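Novice: Next come the chains, spelled out residue by residue.
There are 2 protein chains.
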Amino acid sequence: MQEETMTLAESFVLLLSERRFQELRRTAVEENPADIAEALGELTPEACRIIYRFLPKELAAEVFVEMTHEGRKALVHSFSDFELREVLDELYDDDTADLIEEMPASVVKRILKNTSPETRRSVNQLLKYSEDSAGSIMTTEFVHLRREMTVSDALAIIRRDAINKETVYTCYVTDKQRRLLGIVTAKDLLISPLDATMESIMESNVIAANTTDNREEVARMFDKYDFLALPVVDKENRLVGIITVDDAIDVLSEEVEEDFAKIAAITPNETPYLKTSVLSIWRARIPWLLLLMLSATFTGMIISAFEGALAQVVVLAAFIPMLMGTGGNSGSQASVTVIRGLSLGEVQFSDFLRVVFKELRVSVLCGIALAAVTFGKIWLVDYLLLDQPITMPIAFVISITLAVTVIVAKLIGSILPLLAKKLGFDPAVMASPFITTLVDALSLLVYFGIAQAVLHL
Amino acid sequence: MQEETMTLAESFVLLLSERRFQELRRTAVEENPADIAEALGELTPEACRIIYRFLPKELAAEVFVEMTHEGRKALVHSFSDFELREVLDELYDDDTADLIEEMPASVVKRILKNTSPETRRSVNQLLKYSEDSAGSIMTTEFVHLRREMTVSDALAIIRRDAINKETVYTCYVTDKQRRLLGIVTAKDLLISPLDATMESIMESNVIAANTTDNREEVARMFDKYDFLALPVVDKENRLVGIITVDDAIDVLSEEVEEDFAKIAAITPNETPYLKTSVLSIWRARIPWLLLLMLSATFTGMIISAFEGALAQVVVLAAFIPMLMGTGGNSGSQASVTVIRGLSLGEVQFSDFLRVVFKELRVSVLCGIALAAVTFGKIWLVDYLLLDQPITMPIAFVISITLAVTVIVAKLIGSILPLLAKKLGFDPAVMASPFITTLVDALSLLVYFGIAQAVLHL
Chain A
1 MQEETMTLAE
11 SFVLLLSERR
21 FQELRRTAVE
31 ENPADIAEAL
41 GELTPEACRI
51 IYRFLPKELA
61 AEVFVEMTHE
71 GRKALVHSFS
81 DFELREVLDE
91 LYDDDTADLI
101 EEMPASVVKR
111 ILKNTSPETR
121 RSVNQLLKYS
131 EDSAGSIMTT
141 EFVHLRREMT
151 VSDALAIIRR
161 DAINKETVYT
171 CYVTDKQRRL
181 LGIVTAKDLL
191 ISPLDATMES
201 IMESNVIAAN
211 TTDNREEVAR
221 MFDKYDFLAL
231 PVVDKENRLV
241 GIITVDDAID
251 VLSEEVEEDF
261 AKIAAITPNE
271 TPYLKTSVLS
281 IWRARIPWLL
291 LLMLSATFTG
301 MIISAFEGAL
311 AQVVVLAAFI
321 PMLMGTGGNS
331 GSQASVTVIR
341 GLSLGEVQFS
351 DFLRVVFKEL
361 RVSVLCGIAL
371 AAVTFGKIWL
381 VDYLLLDQPI
391 TMPIAFVISI
401 TLAVTVIVAK
411 LIGSILPLLA
421 KKLGFDPAVM
431 ASPFITTLVD
441 ALSLLVYFGI
451 AQAVLHL
Chain B
1 MQEETMTLAE
11 SFVLLLSERR
21 FQELRRTAVE
31 ENPADIAEAL
41 GELTPEACRI
51 IYRFLPKELA
61 AEVFVEMTHE
71 GRKALVHSFS
81 DFELREVLDE
91 LYDDDTADLI
101 EEMPASVVKR
111 ILKNTSPETR
121 RSVNQLLKYS
131 EDSAGSIMTT
141 EFVHLRREMT
151 VSDALAIIRR
161 DAINKETVYT
171 CYVTDKQRRL
181 LGIVTAKDLL
191 ISPLDATMES
201 IMESNVIAAN
211 TTDNREEVAR
221 MFDKYDFLAL
231 PVVDKENRLV
241 GIITVDDAID
251 VLSEEVEEDF
261 AKIAAITPNE
271 TPYLKTSVLS
281 IWRARIPWLL
291 LLMLSATFTG
301 MIISAFEGAL
311 AQVVVLAAFI
321 PMLMGTGGNS
331 GSQASVTVIR
341 GLSLGEVQFS
351 DFLRVVFKEL
361 RVSVLCGIAL
371 AAVTFGKIWL
381 VDYLLLDQPI
391 TMPIAFVISI
401 TLAVTVIVAK
411 LIGSILPLLA
421 KKLGFDPAVM
431 ASPFITTLVD
441 ALSLLVYFGI
451 AQAVLHL
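Those protein sequence lines, which keep their order, are chains A and B.
Heads up: the first sequence begins at 1 in my numbering, then just goes up one per residue.
Heads up: the second sequence begins at 1 in my numbering, then just goes up one per residue.
Rather than coming from a laboratory, the hints here were simulated on the basis of the structure.
One thing to keep in mind: the hints can contain errors.
The list makes no distinction among identical chains, and a pair is therefore deemed to hold if it is satisfied within one copy or across any two copies.
In the DSS-like style, the derived pairs of lysine-lysine whose C-alpha atoms are separated by at most 27 Å in a straight line are [to be verified]:
hint : residue 1 : residue 2
1    : 57        : 235
2    : 275       : 128
3    : 422       : 187
4    : 377       : 113
5    : 224       : 57
6    : 165       : 109
7    : 224       : 165
8    : 113       : 73
9    : 224       : 187
10   : 187       : 165
11   : 109       : 187
12   : 377       : 57
13   : 235       : 275
14   : 275       : 422
15   : 275       : 421
16   : 113       : 421
17   : 275       : 224
18   : 224       : 377
19   : 57        : 187
20   : 73        : 224
These numbers come from a predicted model, not from an experiment.
The whole structure should be built from the sequences, with the hints applied where relevant.
Specialist: Given below as structure tokens:
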């Protein structure tokens, strides 16, 4: 194998097996921490541990943050107290808080023992915020200025503290009570005269989040306003932390993947698919399949109840899959649209009537179009071409049922997510599979009801 | 209504109707451009136009960029050439290129007429990149340094040019042929001695995108590496532009919404749901419903073909919805998982065998569990409790069919998106509805096949 075409993981293994440690270190230093973390994830725990020890201190911490939960857990277990302290010294407080949340109790004790009292205080504070809140994704390490400071004061502070701050591109001006007065960007500092005061150059109309705000809604603000960082204040408007754009992107990605999982009726899971064990995948999927399967029993019971009608006109059975399928698809079109609208904040519960009226009109149009096509298709294909035992009344029953099913499906598909939101549930769990099950049952009731009435069964 | 509790749009209308123009301008200046754009979107085109004219020049351009396509189109139509030129002067080149792409030809002519020759050249260059490429989302306005410059030279350049650059936080060092040598962050400039050269402080291991790279894959790099900006080079490694994190977030959001739409069998559309007309929503949904409905005809034909068997053992019909539903759900669990894995770059076509083997094991576990539960449920509920005409052989046929259906569904659900990716289609269109239709037909064939064999129909 040529060294040039090797993956980073393969290079690591080669350099390690040939004991070319200097070169290993040099290779690592030239790579991005995220790439090193990915490569380490592909190695055996043993090799991962050895290579990790060759990384320079600061890079080691950066790689550590980028690793998967499992990789981090294995590494922390193998660390001596001294090594653990070295890594923890380099981590930002919010990363330390995340680490503590994912480790078992015994490891948490070791972590807290090896952090400075100051870090411990700030980490404990961060751990108090609920997992869904803006507080849980903020960092407490930011550049803090006073209104009377000049640009050169500010530049001196940045020069001194930059290394310990997650960003220096947005600085925060507060009063003595730590109340947020304004923000100053590094760009402002670079283009303003050195003797200008913070008060004269700061932007005082600041958009800030509250520690208890929903973290997804806060992350969406980065999309809307193109922020690089957002200040977080407590109830007394005191500045307690900031959220940086990279953490906001992580939240957005995580929430999106959760929504995809829920729409496909899977329990969300953060581990990449190929690294998840077969049993874990099974556990994430089987409860939902069981639940949906058992709820499909109702549709079975409905069919059983109308067995007599079905035995008289067996051809009716042939259209059950088409009716249920179209109903399910119509419902999930509406539900996914409304679920995304709610997630993006484009739709609120207060838009209930507007949404329902809109879906009603769309569904009537869809219902009429589909019913007309079905009637034509039954006439031309099933009756004339295939010579099936279908009469006009039967074609009529099927078309009308289809139209009604589509309308009912779209209304249910739009109403359920709105109600879930109102009741405080995640609208995404009201997505396609559940709506399909409900629509299946209703469409069968409509089908047999209309069939009995029209065909006098 | 109290002025404090009014929305921004309502304040605008009030101030406009009372002709308090000074105050209107003052209100606007204190708001964020994205909020102003949103408020203008809620007003009549007439009111929007008038208020827009009160905005200071620079703010006006920022608001313009944040408006919807429709809002922008209406405004441009109402502009005089002078007003158009004023806005265009303030826009970044990439925004001008976006504007040109969305406007009708007559307006494009006016826009090109009113831009400087320099802008026109750079815009024309940007327009050459295909819509899916990294080139299409980059800006050509960035801070450009040479290796021999000192920190104080660089700071002077930033001070002079900052106002026209989309970001000053990452600066790019190139040689005379404009080949990218390294990057220098504003943080580096702020903490390094004033006489240090760019060469001595720059990071030369730079991750760059190519103009022709897929824009979604490039945007994902911001998630992975926590970049604020990414350089874009052409085939000769010459620096031609940069992508900033806000544009990357926009791409990620857009692609995610497209995937959601495709999974729900809707033609993607960028307009927010409540602002989309009923007819547009109908047009985005009806083709897919028709297609899926007509393809469900096959399942109907299969049932018709086995009408004889069904007439003999009518109870078999009662389990069709449960079998098809569970098959559909199993298939979409697999397909959505694989589709997201492909989108996130966690899964490649080269993982084909690993994915199929994994899904095979998961589906066997799921199939066995569901079959066992179904057998037990039929025995306990349908046979003992409800006294249905179900024999052990029938329960056996249903359970075996269920297991086979789940396995087939998961294999199809994982294979189809991988094949779509390999053939250059978007895997997301292979999502649930299509897989459901295919699985429906296959599960019925399995059902009646096993039923005929076991029950000797």
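Novice: Determine for every hint whether it applies to the structure shown.
Specialist: The hints, checked one at a time:
Taking CA atoms no more than 27 Å apart as the test, residue 57 paired with residue 235 passes in neither setting, with 38 Å inside one copy and 36 Å between copies. In this homomeric assembly, residue 275 and residue 128 never come within 27 Å of each other (Cα to Cα): the closest approach is 31 Å inside a single copy and 40 Å across copies. Taking the closest pair of Cα atoms, residue 422 and residue 187 never come within 27 Å of each other, the shortest separation being 43 Å inside a single copy and 45 Å across copies. In this assembly of identical chains, residue 377 and residue 113 lie within 27 Å of each other by CA distance neither inside one copy nor across copies; the values are 74 Å within and 54 Å between.
Only between protomers do residue 224 and residue 57 lie at most 27 Å apart by alpha-carbon distance; the minimum there is 21 Å, versus 37 Å within a single protomer. For the homomeric pair residue 165 and residue 109, the shortest alpha-carbon distance inside one copy (26 Å) is at most 27 Å, but the shortest distance between copies (48 Å) is not. Taking the shortest alpha-carbon separations for residue 224 and residue 165, both the intra-copy value of 25 Å and the inter-copy value of 20 Å come in at or below 27 Å. With identical chains, the CA atoms of residue 113 and residue 73 are at most 27 Å apart within one copy only, with a shortest distance of 17 Å there and 61 Å across copies.
Taking the shortest alpha-carbon separations for residue 224 and residue 187, both the intra-copy value of 21 Å and the inter-copy value of 26 Å come in at or below 27 Å. For the homomeric pair residue 187 and residue 165, the shortest alpha-carbon distances inside one copy (17 Å) and between copies (11 Å) are both at most 27 Å. For a Cα distance limit of 27 Å, the shortest separation of residue 109 from residue 187 qualifies neither inside one copy, at 42 Å, nor across copies, at 35 Å. Taking the shortest Cα distances, residue 377 and residue 57 never come within 27 Å of each other, neither inside one copy (71 Å) nor across copies (60 Å).
For the homomeric pair residue 235 and residue 275, neither the shortest alpha-carbon distance inside one copy (42 Å) nor that between copies (35 Å) is at most 27 Å. In this assembly of identical chains, residue 275 and residue 422 lie within 27 Å of each other by CA distance solely across copies; the values are 22 Å between and 36 Å within a copy. Taking the closest pair of Cα atoms, residue 275 and residue 421 come within 27 Å of each other only across two copies (21 Å); inside a single copy the shortest separation is 33 Å, beyond that limit. For the homomeric pair residue 113 and residue 421, neither the shortest alpha-carbon distance inside one copy (42 Å) nor that between copies (50 Å) is at most 27 Å.
Proximity of residue 275 to residue 224 under the C-alpha cut-off of 27 Å is restricted to the inter-copy arrangement: shortest distance 17 Å between copies versus 34 Å within a copy. Taking the closest pair of Cα atoms, residue 224 and residue 377 never come within 27 Å of each other, the shortest separation being 47 Å inside a single copy and 51 Å across copies. Taking the shortest Cα distances, residue 57 and residue 187 sit within 27 Å of each other only across copies (20 Å), while inside one copy they are farther apart (31 Å). For the identical chains of this complex, residue 73 and residue 224 are inter-copy neighbours only, at 20 Å across copies versus 36 Å inside a copy, given an alpha-carbon limit of 27 Å.
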